[in-house]
Amino acid sequence: MTINQHELLSALVDGELQGDELEQALLLLDSDEQLRAQFQRYQYSSDVMHGNNYQHSHIDLTKGIAQALVSEQTFTKQGLIKHKAALLAFPKQFWTQAASLAMAASVGALAVVGITSQSQNQFIATSAVVASAAANNTGNGNRWTVGEPEIEDRLNTYLVDHNEYAGASGVFSYARLVSYEAGQ
Amino acid sequence: MSVDQELVERVQAGDKKAFDLLVMKYQQRIVHVITGFVHDPVEALDVAQEAFIKAYRAIPNFRGDSAFYTWLYRIAINTAKNYLTAAARRPPTMDVDASDATNFYDAPELKEFETPETSLMTAELEQAIHQVIQALPEDTATAIKLREFEGMSYEEIAQAMDCPIGTVRSRIFRAREAIDNRVSEMINQGEQQ
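These protein sequence lines map, in sequence, to chains F and U.
The numbers in the working numbering rise by one with no breaks, and the one at position 51 of the first sequence is 51.
The numbers in the working numbering rise by one with no breaks, and the one at position 115 of the second sequence is 115.
Everything labelled a hint here was simulated from the structure, so no lab data went into it.
Note that the coordinates shown come from a computational prediction; the quantities given were computed from them, not determined experimentally.
C-beta: ideal position from N, C-alpha, C; glycine also.
You may find that some hints are simply not true.
Said to hold, decoys possible - Far from chain F, some chain U residues (derived; all Cβ distances over 12 Å):
1. Ser66
2. Asn78
3. Asn82
4. Leu84
5. Thr85
6. Ala87
7. His130
8. Ala135
9. Pro137
10. Asp162
To be verified - To be clear about the criterion: a stretch of chain U counts as covered by chain F if any three or more of its residues have a C-beta under 8 Å from a C-beta of chain F, and this derived list gives those stretches:
11. 55–64
12. 166–176
13. 179–189
For reference, chain U alone in the conformation it holds in the complex:
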């Protein structure tokens, strides 16, 4: 069972903390998807919040036929479209496939809404992250690359690197700490400017 599915089952059994974690996990993606429809950033945040509340109310109906994010994504799109209709604004005719929504580089429709500033920021972040990874010890760098770029599970990485799962977990954590230090610096710099 995936973590998302376990979290959903916990919400269905009355654990609101589990829903809080789902919000933390997906809020960035959902706001980004909604910004593709509702261009005003403040309005987009309101619509995203409404989408999450709708998702909470509908969660007893979620049966796990699709991934939780795909289900949430559809709710977000519908909420954004309804918002535009209610505000007497025409919803965009374009639509984005739910599977594309997991990776925006594969969703050109959403890329149209990127600003030069966000593209630059993302490019700088990516570059900084790659520099951090290159500076890591080889085992640590390999573990994070296999996880983040190859999408392998801890078990698969442990088999590939011929080491225990616990070692994989701590290597990935060390890599993530190093990346986080650099990302935090950049975010703080961005906020000060």
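If we strip away everything but chain F, and leave its shape as in the complex, we get:
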């Protein structure tokens, strides 16, 4: 035993050792009974100074516990990672339930999309009927109230040329119906 070793134990009681020094202290305590006793007395004095009142000044459970731990598994870093992964992993039942839920959600989504699509088709069909009715109402085939064929042609050409810029579906469908000539 050297003064440095005792100093190391004193610093250990104070929780001031890290890394290599902690490793060194662990090795000393593992191999030297006198140093173990010394450390426990340092710890005891420190506890008394902190106001702790103990019935026993010389309790040593370490041997009994060490014996009991011989048969216990030694943890490994890999085992710890697996253990943590197992803690984080979801149970099998969760995946079964999640799959059922996903399937139900997909069916639900399809149903919603189907209904929306049908509504849209109905809207287009309705638009077509209205447009067709509007076209019929014109009787003579005039879609414009301009009364001048040249301007009417120019307006029709304008609509056809700008059809590609339609911002929303269904809007120009109606426009087409009202603007295209019967032959187009």
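Chain U: place on chain F using the hints.
Relative to the frame of chain F, chain U by itself:
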């Protein structure tokens, strides 16, 4: 990272020596806590041992959300209560907050279980320790007082005393040696009586 946390990580990585050190460090406190529930001293030692073994088995689950001692303290309390239930004895209704468990002077529930002998012994020890500290050189006495009574770290003491951390460490060690000599004498006297 605290020393306890580093020791826990070492245990989690397979270092049983690190657990041995944790036992050495906390066995007195844990036995004292358990004695508050299981009054028989021999039974209390058995329950304390069981609590430490449970703690070892559970240590892979310890994530450091609380201090190691707080976690260990809870295991000890549960082990003591389970022991009393298994022995068909009613566990005490009182409970002690984990934060109080670090200092028993703040835990009146545990003080109820002190005996006059232990109170006297503690009082005598405290008095002896104070006498030793008063007899120390001023720098040494200041260093140990700042550490033990003010709870300052070595770095904080070094700043307060305007000296290197290594000097603080050796001053505290010298103080602790002097205290240990006196405490050892008293313990030996107590054992001979």
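Each hint tested on the structure:
no. : hint    : result
1   : Ser66   : holds, 16 Å
2   : Asn78   : holds, 18 Å
3   : Asn82   : holds, 17 Å
4   : Leu84   : holds, 19 Å
5   : Thr85   : holds, 22 Å
6   : Ala87   : holds, 20 Å
7   : His130  : violated, 9 Å
8   : Ala135  : holds, 15 Å
9   : Pro137  : holds, 17 Å
10  : Asp162  : holds, 19 Å
11  : 55–64   : holds (count 5)
12  : 166–176 : holds (count 5)
13  : 179–189 : holds (count 5)
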